Amino acid sequence: MTYSLLQLAKIVGGEIIGDGACVITHVSPIQNADSGSISFVGTAKYQKYLSGTQASAVIVTRELAAGLSVPALVVKNPRAAHARVTALLHPAFIPEPGIHASAIIAQSAVIAKTATIAANVVIEEHAVVGENAWIEPGCVIGRQVTIGAGVHLYANVTIYYGCSIGDNTIIHSSSVIGADGFGFEFDQGAWVKIPQIGAVRIGNNVEIGACSTVDRGALYDTVIGDGVKLDNHVQIAHNVQVGAHTIMSNGVGVAGSTKIGKNCIIGGMAGIRDNIEITDNVMITAMALVSKSLAKPGSYSSNTPIDDTQTWRKNSARFRQLDEMARRISQLEKKLKE
Amino acid sequence: MTYSLLQLAKIVGGEIIGDGACVITHVSPIQNADSGSISFVGTAKYQKYLSGTQASAVIVTRELAAGLSVPALVVKNPRAAHARVTALLHPAFIPEPGIHASAIIAQSAVIAKTATIAANVVIEEHAVVGENAWIEPGCVIGRQVTIGAGVHLYANVTIYYGCSIGDNTIIHSSSVIGADGFGFEFDQGAWVKIPQIGAVRIGNNVEIGACSTVDRGALYDTVIGDGVKLDNHVQIAHNVQVGAHTIMSNGVGVAGSTKIGKNCIIGGMAGIRDNIEITDNVMITAMALVSKSLAKPGSYSSNTPIDDTQTWRKNSARFRQLDEMARRISQLEKKLKE
Amino acid sequence: MTYSLLQLAKIVGGEIIGDGACVITHVSPIQNADSGSISFVGTAKYQKYLSGTQASAVIVTRELAAGLSVPALVVKNPRAAHARVTALLHPAFIPEPGIHASAIIAQSAVIAKTATIAANVVIEEHAVVGENAWIEPGCVIGRQVTIGAGVHLYANVTIYYGCSIGDNTIIHSSSVIGADGFGFEFDQGAWVKIPQIGAVRIGNNVEIGACSTVDRGALYDTVIGDGVKLDNHVQIAHNVQVGAHTIMSNGVGVAGSTKIGKNCIIGGMAGIRDNIEITDNVMITAMALVSKSLAKPGSYSSNTPIDDTQTWRKNSARFRQLDEMARRISQLEKKLKE
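Residue numbers (the numbering used here), protein chains in the order written: chain A, 3 to 340; chain B, 3 to 340; chain C, 3 to 340.
Read the hints as simulated data drawn from the structure, not as lab findings. There's no promise every hint is true.
It does not matter which identical chain is used: a pair holds within one copy or between any two.
Quick list of in silico lysine-lysine cross-link-like pairs, DSBU-like style, CA-CA up to 30 Å [stated by the list, open to error]:
1. K47 x K78
2. K264 x K336
3. K264 x K298
4. K195 x K47
Note that the structure is a prediction, hence the values are computed from the model and not measured.
Just chain A, same shape as in the assembly:
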């Protein structure tokens, strides 16, 4: 794919400085740019790489646009513009529509004509697959599942019966949507299984990483809002609601019936307990344990800082004395007053 800078600007927006006719064939990182490529610099930290760059053009903010040696596209958000340019210059593979001969599709299932159903896919009774959806090999789509238009399921994804996936949603390999929520009641010496009769409803433009799980609800559905992005190894338990455009990094676990607001950013391997409510615009740092509702937007953390193991051991042992230490301080203050 080849574009002139002018053509790119017309599609992704922004103002050109310099020669709009310059030809762009690929993207590259600014630290390591070569001829024919377009790079971006969004922050002052990387500004030093602009002078002497071998890139054929750069994408920058107004603030970084002075004194450039190469043509530039000036935008508000260079990283977003570069993402859009990358999609143009390095277009995603588009599969042939149609159903592979080896796919096993129930007679009552409805598959859009423009959908691609790859080898060894299994689609069960009354499932619906929308226009331009791409279901890669080994996926299993259960009874009465609805797959929206433009959905892309990578290989070996499993969608349990009755769940629905919104338009243009992407789910990566080995992920599982709609497995039973973890509901048991201890009675007479053993755990009684609580049937999970809800389902999972996933919105539009969601992306779910590899080896992630969204469990079906117990009585209600589990709901993932539009534009939510979940990384790999994420767990969303039964009855959870995740608000639109919330993003969760690798390994986050959200326990049952918790409600998370919109536009939250949850750091990697953070844990969020059950039956709490997190408001909009909350940020949780990596590996924090959210043990209570958070009603105020802002950033929250728990955990202790990394240290060399020897020093850490000494300090960590004192953690067990914290309450006693606090009492001794109060004692000292009292004595000193006397």
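Assemble chains B and C onto chain A, guided by the hints.
Leaving out everything else, chains B and C in the frame of chain A:
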């Protein structure tokens, strides 16, 4: 499915207050109950929803049974009774027995006549599948695996060679039973693989969530006791033994050769180190790290509380001074005594 | 398989004490050894089991070789030698080479004659599979993937397009190589996807556990060095580089663009943040959060010690007062000086 309250009582037990002939068609949560449904209240916390409920009947304890406006089933454990009622009113899908034409089954494998083997299942040499087992699409069952009666493997589960799964055990999608334990020895500049010649033995009435792993043993088998319930993303390492009716929430990791007792409750994303022993009836709270054996029943925790990031940073930085702080307190006490 | 001790010594090295003709049929743990077996003792901790052992022979260090009642193989690293002996006495299953009739292989794919392609495997256009590779059922190998010689992919592994797997590398079930890195930029109220146009390059002699993920790079490739061993549920984010012979236990998460040195040992469920650099020979203890670069070899930790929940609650609450406590100590010191 439709039952009278009397019919339900006959099956799940309990005493009826009011009209036993009232007709029940489904279950609902007490906060949001509608006509035809049966809800439960097990604790005083939800008692307020009983007055004016639209449910056609409720399941309650003796203590909560006074002054009800609708018929009631009085039981010791309403949540357990409601679970059983849910299974009656919303019965699980029962597949047609038989082997799908696309399944690939070794000649030496023995499949019970009442078992259901779905599309694209692969069953290898000398494997055995019991009566009424249901193996969903894409599952791979290795050589000499034994699958008990009534087992349900959801789609895309992998069982490695030589492992055994007890009766009525459920395993959710993408889970892997019997992968090699993580055993290596560093020698002459590289890691030598320690062959994992044990297997995995999983008991009866176990449930294992999606994307979970139980590794095969090095020299012994890894053993999961009867009635154990493991949530999603759980890791059970080689040679681990998990006692009957122990339950582990999402993301728990148990390291090699550790022995866990019966009736333990392990909170989400807790980590349990290798080669330790945890006695019966231990509870571990979420994200705790169990770094030593626990010989006494009870509840255990580690970790620090969530706080706003700014405050947390100040306190967290002090963690590195804890030992010094403790010494300074002792110093002060000494000086003050003088 | 049956070997004399002498035959074993010839293959794995070491010096024989006692009768080299003694016949060995299997391995066993020293605590529980039986006739015909060979056990090992590598440390003083297990020395007590040597006297009166029922093993037919033992593998020990020079230091532990005095006064043995059975023939011995004396080596520098008994555990490594025992691993090699185990591989001889309990040889891994070797499949028949060839392509199963149900496998679906693109015409442009190149499969070595000695490779084994099992049932229901899907191999896409221009993929290459090397000599003696073993691809188990349900694996999906994407377009232009290169699989080295002697590679073993267990069932239901997914390799995305364009990735390469080095010789003799092992990947366990449900693992996913090459899913999109987690790259998004928030712009105009939603997350813009940053196309991930790099791939994953995995070295030789790597082992990756079950349900693990290695994401493809954004602009560069993600790179896993030779001899790296990753346990189950591990996450390697986009653009990460992992140095040769580094080992990571269950559930470790490495965030984007981080560079990890050679011969590191990362404990279970540790988290490593993005865009940092960890030098060679670093050890991270379980569940630690590495929040900054580590330029010095050695062992590092974070987290707090396990305690009974009641005591922990008291101490944990004080964590929120740590900064204040430190100030009060300083205050006291000042006052006492005055």
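Against the structure, the hints:
1. Taking identical chains as interchangeable, the C-alpha atoms of K47 and K78 lie at most 30 Å apart only when both belong to the same chain, with a minimum of 17 Å there against 51 Å between chains.
2. With identical chains, the CA atoms of K264 and K336 are never at most 30 Å apart, being 48 Å at best within one copy and 49 Å at best between copies.
3. Taking identical chains as interchangeable, the C-alpha atoms of K264 and K298 lie at most 30 Å apart only when both belong to the same chain, with a minimum of 13 Å there against 41 Å between chains.
4. For the homomeric pair K195 and K47, the shortest alpha-carbon distance between copies (23 Å) is at most 30 Å, but the shortest distance inside one copy (54 Å) is not.
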